[in-house]
Each structure stands twice: as structure tokens, then as C-alpha cells.
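Given the coordinates of chain L, work out where chains V and D should sit on it, guided by the hints.
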Amino acid sequence: MALTLPPEDAIASSRRHRSVLRDFAGVAAILVAAAIGYALFPDNLALLTRVLAIALLVLSLDLVTGYCGVATLGHAALFGAGAYAAGIAAVHDNVTDPIAMIGCGIVGGALAGLVCGAVILRAHGLPQLVLSIALIYLFHEFANKASDWTGGSDGLSGMTVDPLFGLFEFDLYGHTAYFLGVALVLIVFVLLRLLVRSPFGMLCRGIKEDPLRIRAMGASPKAALMKMYVVSGAVAGIGGALNALSTQVVGLDSLSFTQSAEALVMLVLGGTGSLFGALTGTVIFMLFEDYVSAANPFHWLTILGLLLLAVVLFAPKGIYGTAAAYIVRRREARP
Amino acid sequence: MKRMLAVAVAALMMGGIAHAETVKVGVIGPFSGPFALQGKNFKAGIDAYMALNGNKVGDNTVEVIYRDVPQADPAQSKSLAQELVVKEGVQYLAGFYFTPDAMAVTPLLKQANVPMVVMNAATSAIVTKSPYVVRTSFTTAQNSAPIAEVAVARGAKKVITVVSDYGPGVDSETAFQKAFKAAGGEIVDSIRMPLATNDFSPIMQRIKDSGAEGLFAFLPSGPPTLGFVKAYNENGLKAAGIQFFGTGDLAQESDLPALGDAALGILTTFHYAVSHDSPENKAFVAAAEKSLGDPKEMTFPAVGAYDGMHVIYKMIEATGGKKDAQKAVDAVKGMSWMSPRGPVTIDPETRHVIENIYLREIAKAADGTYYNKEIQTFEKQGDPGLEK
Amino acid sequence: MQTILSIAVDALAYGMVLFVISIGLSVTMGLMRVINLAHGAFAMIGGYIASYAARDLGFGYAAAVLLAVVGTVVIAIPLERLLYRRIYGAPELTQVLMTIGITFCIIGIANYVFGPTLKTIPLPQALQGSVDLGFRTIATHRAFAILCGLVVALGLWFVIERTAFGVKLRASVDNSAMAAALGVRTEIVYAVSFAVAVGLAAFGGVVGAELLPVEPYYALRYMVTFLVVVSVGGAGSIPGALIACLTLGGIDTAGRYLMPEYGEFFFYLAVIAIICVFPRGLAARAK
Numbered sequence: 001m002a003l004t005l006p007p008e009d010a011i012a013s014s015r016r017h018r019s020v021l022r023d024f025a026g027v028a029a030i031l032v033a034a035a036i037g038y039a040l041f042p043d044n045l046a047l048l049t050r051v052l053a054i055a056l057l058v059l060s061l062d063l064v065t066g067y068c069g070v071a072t073l074g075h076a077a078l079f080g081a082g083a084y085a086a087g088i089a090a091v092h093d094n095v096t097d098p099i100a101m102i103g104c105g106i107v108g109g110a111l112a113g114l115v116c117g118a119v120i121l122r123a124h125g126l127p128q129l130v131l132s133i134a135l136i137y138l139f140h141e142f143a144n145k146a147s148d149w150t151g152g153s154d155g156l157s158g159m160t161v162d163p164l165f166g167l168f169e170f171d172l173y174g175h176t177a178y179f180l181g182v183a184l185v186l187i188v189f190v191l192l193r194l195l196v197r198s199p200f201g202m203l204c205r206g207i208k209e210d211p212l213r214i215r216a217m218g219a220s221p222k223a224a225l226m227k228m229y230v231v232s233g234a235v236a237g238i239g240g241a242l243n244a245l246s247t248q249v250v251g252l253d254s255l256s257f258t259q260s261a262e263a264l265v266m267l268v269l270g271g272t273g274s275l276f277g278a279l280t281g282t283v284i285f286m287l288f289e290d291y292v293s294a295a296n297p298f299h300w301l302t303i304l305g306l307l308l309l310a311v312v313l314f315a316p317k318g319i320y321g322t323a324a325a326y327i328v329r330r331r332e333a334r335p
Numbered sequence: 001m002k003r004m005l006a007v008a009v010a011a012l013m014m015g016g017i018a019h020a021e022t023v024k025v026g027v028i029g030p031f032s033g034p035f036a037l038q039g040k041n042f043k044a045g046i047d048a049y050m051a052l053n054g055n056k057v058g059d060n061t062v063e064v065i066y067r068d069v070p071q072a073d074p075a076q077s078k079s080l081a082q083e084l085v086v087k088e089g090v091q092y093l094a095g096f097y098f099t100p101d102a103m104a105v106t107p108l109l110k111q112a113n114v115p116m117v118v119m120n121a122a123t124s125a126i127v128t129k130s131p132y133v134v135r136t137s138f139t140t141a142q143n144s145a146p147i148a149e150v151a152v153a154r155g156a157k158k159v160i161t162v163v164s165d166y167g168p169g170v171d172s173e174t175a176f177q178k179a180f181k182a183a184g185g186e187i188v189d190s191i192r193m194p195l196a197t198n199d200f201s202p203i204m205q206r207i208k209d210s211g212a213e214g215l216f217a218f219l220p221s222g223p224p225t226l227g228f229v230k231a232y233n234e235n236g237l238k239a240a241g242i243q244f245f246g247t248g249d250l251a252q253e254s255d256l257p258a259l260g261d262a263a264l265g266i267l268t269t270f271h272y273a274v275s276h277d278s279p280e281n282k283a284f285v286a287a288a289e290k291s292l293g294d295p296k297e298m299t300f301p302a303v304g305a306y307d308g309m310h311v312i313y314k315m316i317e318a319t320g321g322k323k324d325a326q327k328a329v330d331a332v333k334g335m336s337w338m339s340p341r342g343p344v345t346i347d348p349e350t351r352h353v354i355e356n357i358y359l360r361e362i363a364k365a366a367d368g369t370y371y372n373k374e375i376q377t378f379e380k381q382g383d384p385g386l387e388k
Numbered sequence: 001m002q003t004i005l006s007i008a009v010d011a012l013a014y015g016m017v018l019f020v021i022s023i024g025l026s027v028t029m030g031l032m033r034v035i036n037l038a039h040g041a042f043a044m045i046g047g048y049i050a051s052y053a054a055r056d057l058g059f060g061y062a063a064a065v066l067l068a069v070v071g072t073v074v075i076a077i078p079l080e081r082l083l084y085r086r087i088y089g090a091p092e093l094t095q096v097l098m099t100i101g102i103t104f105c106i107i108g109i110a111n112y113v114f115g116p117t118l119k120t121i122p123l124p125q126a127l128q129g130s131v132d133l134g135f136r137t138i139a140t141h142r143a144f145a146i147l148c149g150l151v152v153a154l155g156l157w158f159v160i161e162r163t164a165f166g167v168k169l170r171a172s173v174d175n176s177a178m179a180a181a182l183g184v185r186t187e188i189v190y191a192v193s194f195a196v197a198v199g200l201a202a203f204g205g206v207v208g209a210e211l212l213p214v215e216p217y218y219a220l221r222y223m224v225t226f227l228v229v230v231s232v233g234g235a236g237s238i239p240g241a242l243i244a245c246l247t248l249g250g251i252d253t254a255g256r257y258l259m260p261e262y263g264e265f266f267f268y269l270a271v272i273a274i275i276c277v278f279p280r281g282l283a284a285r286a287k
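Taken in sequence, the protein lines are chains L, V and D. Take the first sequence: its letters are residues 1 to 335, numbered as in the numbering used here. Take the second sequence: its letters are residues 1 to 388, numbered as in the numbering used here. Take the third sequence: its letters are residues 1 to 287, numbered as in the numbering used here.
If we strip away everything but chain L, and leave its shape as in the complex, we get (with noise of 0.2 Å):
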């Protein structure tokens, strides 16, 4: 008997099988999640549909960061852009259809993203993050000054958003906010998927690895990273509107440098490079913030700071990555 190994393609679309399964099982848990949310936290819907737009910032974090290698504390500049744009062209210009709105919103965002890109690809480490902060505060800055437009540090309010698809009002209950959250958490999650599955995807994860060889092989780096900057922006921009639509009203704290660090936080801490993980980490965060500044605010920062020590000394690869490699080991040493 001879040892023959499977063919090239048995094993190419085994794994993409793989890859799909843990996709429809990722679309199945979000689904389930949903549900219990809306389950145990009828009274609470704005929380979660905040949860939900915290969340596209953080998976759009996660394509730059986790696949493209690009450290960044100033990404919350692309959700304030896309939230601003959709709540200028609501206030300033009547566009006030939800879907229209959220258009807006995907422009702003993907202008950001093309500006920052711009900036911050041009270094790297050290740096490239401090680009990106100082990218951040010139955002803040410039949105605090251009205050006939954005409301300044008094925030963009007034905006009346029309009902959803003309049937279904955005209320004091939030169901219409909360259902629609979910739907472009659901529409981003499975197109992003694809996105880094495809021969795009493959290529920003081989720049993240080796940048010179992929330049050696004829591919530009630059320009894949810009490319996925510009679609990162594109979903930040989607969160952002999605934060204004629900609210009603934008303020300056959307482009700030804290919420920036804190998306960082919540991406490391559920695990970067898997998509999953953003999701994992935001929906932790966001719930456990919640629930400690509701039972004993003046101790938040220390017990936050003992969280994060707890991640990086025993779950480094975050929540979602320490249990996946768990999970993967368990089912290699099975004989």
C-alpha cells in the first residue's frame, strides 16, 4: 500500500467547505444572538443597537489591523465622517430616508478612509500610529471649528429621520433602529467574508506577512492596502450612520481619539483577523461596560484596566482567538 496524499484540489475545497460552514455557522450565532438580545433586553434596545453600530467600526478595524498588519488608534475618524455625513445631509440638505441616508453615510466613511489611507500608509510602527492619532485629532478639531455645519462640541441635533421603507417609525422603543442594525451587521458580515476569502483578501494578508515578498512577486502593496482602507471607511461609515440614524443626533465624541483606543480594546480583546472576533470582543466590552458603570462607576477604569491585563497575561490571542485555537487544537489531537 502505497502513502499517497489527496489531490491539490481535495484539499483546497475541503478547506474552503470549511471556510463556508464556519461562515453560515457565523451568520447562524449572530442570528442567535439577536434573538436572545432581543429576548432578554426588550427594554433596552438602544443599548444593543449601539452595541451593533460599535461593532461595524470594530470589524471595519479588523480588516485594516487584523488583515492588513496596519496599527491605528485613530480609526473612529471614518465612523465620525460617515456619521456626520449622514446627519449633515439630514439636517442640511432633507435627506432624511433611512437608506439614503446610510448611503451617505458609506460616501463619508469611504472618503476618510481614502484621506487616512493616504496619511497613514506612507510609515510604518511607531510612526504609522501616530499619523493615525494625529489624523484623529485634526478630524476632532476640524469638526468643532466647522460648527455651522457640524453643531461644534454642542453636537448635530434636530435631524427627523422618515419611517423605514415607509412602514416602520424609529421610536422611543427602538424596535425599528434594532432590527435594521442587525440586518447591516448580517449584509456586512457575510460580504466581508467573501471579501477576505477572495484573491484581494488573500493578497492583504500576504502583505501583513511579508510585505517585500509581495512586492517581489509584481503586487502592489500600497495600493491593496488603500483599496481595503477605502472599504474599511465603507463600513465604518455604515456603523456611523446606523449610531446617527438610531440617536438622531452626532456628536463630537464620534471622532474622538478615546473612541478610537476603545474599538482598538475591543478588537484585541475578542481577537484579531477573524471577523468573529470584532464581534465577539465589542458585544463583551460594550454589555460588560454597561453593567459595571451602572453598578459601581467610580471603580470602572481599575476594573477595566484588570481586564485588559487579564486578556493579554492568559488569552492573547483575545476571547474569540484563545477559544478558536482551543477548539482547533482539541480537534487535531483527536487521532
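The hints are simulated quantities; they were obtained by calculation from the structure and are not laboratory data. Remember, predicted model here, so these are calculated numbers, not experimental data. Each residue gets a CB set at the ideal place from its N, CA and C atoms; glycine is no exception. All clues given are correct.
Here chain D is said to cover these stretches of chain V; the calculated rule only asks that three of the stretch's residues, wherever they fall, bring their Cβ under 8 Å from a Cβ of chain D:
{"hint": "1", "region": "30 to 37"}
{"hint": "2", "region": "184 to 197"}
{"hint": "3", "region": "254 to 264"}
{"hint": "4", "region": "286 to 298"}
Chains V and D alone, transformed into the frame defined by chain L:
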């Protein structure tokens, strides 16, 4: 049969017992983060009122629920307000330290049938966003206008305004400049500094170069104030005779120990000083300090919260513990009472508080502590920001 | 002309305060390759210890400074052994996360122990008042800060370039495996460097307390400034850090004098411009 009779009797009895309901009040404020001291003062004011007046209004027990918004975050504020209304069933929303947080909640009030009592947020426009908003604190414009007269009276006819570049700073600059020009003064220059400024020496240099006889400053309370006052002294402006006029945000009592001797003599106008000499204030301060623990941490949000609770109690009395926002707000329009800060009235048209604004000077008491000494009173001041 | 000189003096004072605090971060990041976002927290601890010693315990200024430096180093040593040692060589994100966690914990503890109000460090008689430079006066404590900055810069340069310890440090940084093979005790080198960096941070926190007041959120408020300064200067380079501090201090001060409304824009656009032209900082150590 017997069972059904027993159940029926029990049901009748339950119906007969007087309804002692709990009326919930949701308070949104900064209880963690850099502004935690202000949130602590909200709580101290509320605790003080409930200690001095009991926690019952008629048959209803008042329960206060606190939710934390550490910085100006309108989305979080709105979502917490929604949670308080839908999940906790609060009848009143109160608190709000930052303007964007208050603004974000105003669209909810009508559908929720809940009035909002603003205990701090100081931008004039908030009360115009909904007919169910009542404010018991102050506005930046209200505090900035009176000192313009003082400046002219003290011989500073040419003044330079120096404010932090954000909403309240710009409001303050506008109000001061309008009142100062009306009093016959001349504004030689206006500087707007970024909020994150640490080093004020170049600003001081520019003030000196402008040839002003006085400066009007507005900065948010906290570390920037310390740097600014120190820079004023160190760069020789005090020695050169350039007078310092500001609003009480610069001189809040919790910052005075750190400012120390450098701040002596600074004139500010504000609606409340902890040292205000009245029996109501003495009782209030004693009760609030008990809640705070450390008397040095007492500052102005406490009195806004104290009077806010007074308004809420009156609203509960008027509606008999039932949820009716319009009735509640109508009941307090035009209401006057003696607050720890002095006599106050809720303006029936704007729903903002009309109060005395005091001119104070930072002084050192015999026991070495620093306090704001009231030296002049401007009576019955409304909000100039709301006048068109 | 007088205005330019005046701005220059202010810029020098501001830049030097930044230098004294940030040089420790430059050492940690350049020589030990650890992104230590908790650096501002150590400066804050130094400020708190000095304030407590001077105000509540009644020590003199010099004694308070000494106590602050020693105290902060003592607090940092167990942190280094238990936490920092695990992230040497770890990916950047892990270091960022760990040090942010340490910062949050320190802020929470400081808030709990010392309360949320500002703390000042009472200056001794000698440092109060102003020094007359002829064309303008400058606060004495600022002149003191400039002097401290120069002394620190010279002292560090001397230690790194001219002493045996400096040789071992440079060797460990360039190739730690080789240095260890040659008999250099790299763990001791790292531990001592970390202690020096933290001590410098504490010293900077005390000297700069007039400019950057001590309160629980100090660590987060100024973290970005320190990070930007170190990055622009090039981590690990003392002349680079000095030039960066002076340049950025100058741009910040001049911007604030000429057009305060756009102060922030100037500063951050300058940072972006410098990094785009010098992607590894003004004087980065060649790898």
C-alpha cells in the same frame, strides 16, 4: 366556591388599600472619569434635599436611579435615557452636566411623557428644544454678562476676551462682548484657545501686546484653569495691572486649594458661592458635605441638583404621583422659592431659572482656606442668551 | 524681534519640560522596544509622591523630588518583573493593550487614594518668582526646568556614550543574543534601563508639575503628546528627542501666539509633515 370567595375578597381588599407608589427619577451625569467630582456633587445635592425634606411626597416615595455618562456622549446619554424611561419606568429625567447630553434627550420627552430637569448643562438653547425642559442651574450667558458692567466700573475700558474654543466658551465670549459694548467698553482683541492648551505663556504675551487694561477669561473647570491663572501671575500681567475678570467656572471651590495664593483677588460672577451667607445655605452645605465626605469637594453642581429636586418634588405634588409631563411643567412655571443660593424663580415663558448673580472675589479666610467672597449682587438676572 | 525672542524662550521652556518627561519613554521604546503607554502614569505617580511628601509630610522640595524618584522606581520594579518582562518582543498591539491596562489601573488607584482634585507641589523660595532676562521676565521654575533638561540630556549622553554600562546597553539593544553570548547580563541591563527611564519620568512629572498639573487623568491626558514627541524624534535617540521637543514646542508656541484658534491644526499638521518626510523620526537609530 370558598376558594373563589377568598380570592375575590382579597382582590377587593387590595383595591381598597391606598396606592403608595414609588415615583422614579432618572439622573444622568458623569459619575466616573475626569468629571466624576461633578457627578458626585449632583448626588450630594440630591442626597441633601432628600435628607432635609424626606423621601416622600404625599403618599409617594421618591426613588432616584443614577446612570453614568463620563464625558459628553450624546448617543450614550440618549440610550441611557431610553433605558430609564422604557425599562425603569422613570417619571422624571434629571441631571445632565454637558450640553450635548441634554440636547440629545429632548426629542424623547414628548413620546415618553416625561419632563426633563436640567441640573447643570449651561447652553441657552436647550430649553427651547422641548416644552418639557426646566432648568435649575444657570447659563454661560447669564453668568458672563454682569461682569461686563463691573469691568467698566473698575476702569478697564479696553478688554481682551480669552476663551476656550468650544460651545460654552464661544457663548461666553458673545455674551460678554455684547454686554461690554453696551456698557461703553472697547474689545481690543478676542482669542479662542484650543481646549487642550497646556502652556499659556504665548497667550499671556499676546494679551500684554494687545494693550488691554483687563482680560475676560472663560475656561472649563479643572487643570486648564490652574495653568491659566498661574501663567497670568508668572508672566507679569498681574504686576502690570491688567485686571482679571472671569466667570465662576474658573473659581469653583474644589479647585481653589490648588490655585492657592496665585488666585487671590480674581473677580468672577456666578450664581452660587459655597460661602453664601444664609440659613438655607448653611443647612444645605452641612447636609451636602455629609454626602460628599470631604468638604473641600463641594462645588456648584450640588446646588443645581438641590433645586432640581425641589422642582421635581413640586411636580410630583402637582400631578399626585401620576405621569403627566405637561401638568408637571405647568405647575412649576412661575414658581419662586428661597434656594441656598438666594431667591430664584422659574421663568414661565422660558422655563429657565431667574436668579441673583453675584460678583465674588477670591479671598483667604482666617483659617487659611480659600473661598469666593460675595461683594456685589445683580438681582433677578434672566438669560440674555434667550433674548432675541 | 523682541516678540521672536520671547516666543523662543517660551518654546524652550515648554520643550524642555516635555523633554525631561519624554526622554524616559524614548529610552524604553528605542532601546527596549516596548511601547510603554504607561509612561505618563509613572510621571504622574512621581508628581503625586512629591506633592504628598511636600504638602502633607512637610518635606522640603529637594527631599520631595528624591522621594518621588525613588518611590516611583520602587513601585515600577515589581511591575517590570511581573508584567513588562512578559511583553518584551511581543507584537505591538499586545504591548499597547498591556500598557493601556496598567495606565487605567494606576489612574483608578490614584483617583481612589488621592481623590479627583488637582494637586500642586509647593515650590521652595528659591524657585518662586521670576528671573529678569532683560527683554522679558521668565518664571524661575521654568528656567529651572530648562536647566534640568540640559543636565539630563548631557548626563544621559555621557552615560550611554562614555561609560561601560552604556556600551553594554548599546550592545544589548543592537543584538541581545550576541551580547548575552559575550557575557553581558542582559536582564540586568534591561532592568536598570527601565528603572532609569521610570526615574526620569518621575523627575519630569515633578519638574513639570507647574505646567502639567497633577490629577488622576494626567496619564491619559498627556500620553498622546509624549508619544508624538518620541515618535517625531526617533525612539532611542537623545539628540533626536531633544530636537523634536524643541521643534514641536516651538511650533506649538508660535502657533499659539500667532493664531491660537488654529493652534491644534498647526501642531498636528507639523507632526504629519515631519513624519512623512522622516518616516522613522528625525534622528532614528539606523537598524
